[in-house]
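For the sequence shown, counting from 1, position 10 maps to 112 in the numbering used here; every step adds exactly one.
Do not rely on the hints blindly, as some may be mistaken.
Quick list of the computed label-pair ranges, beta carbon to beta carbon [stated by the list, open to error]:
(1) PRO146 to LYS125: 30 to 36 Å
(2) LEU126 to VAL148: 43 to 49 Å
(3) ILE153 to SER132: 29 to 35 Å
If you are wondering where the hints come from, they were derived from the structure by calculation, not from laboratory data. Note that the Cβ used here is the ideal one computed from N, Cα and C, for glycine as well.
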Amino acid sequence: MTPDPMMTARRPDGSLAPLPRAKLGRFALSLLYLLRVYVLIAIPIVAYAFIRALHQAPH
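Turn these sequences into a full structure, and let the hints guide you.
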């Protein structure tokens, strides 16, 4: 029976030891890059639509 990795990662004071960073593949990195581009494009569009809706609100 192999020991539980969560139990072996604990330090003597009870805190958890930091885990190493995960290595992402080229596909995952490119998807994250495309997500950044999408967010940078979407934020101004949403802000424009919000401001335009405020100006068209009935008084």
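Structure versus earlier hints, numbers of those that do not hold, lowest first
Violated hint: only 2; rest satisfied.
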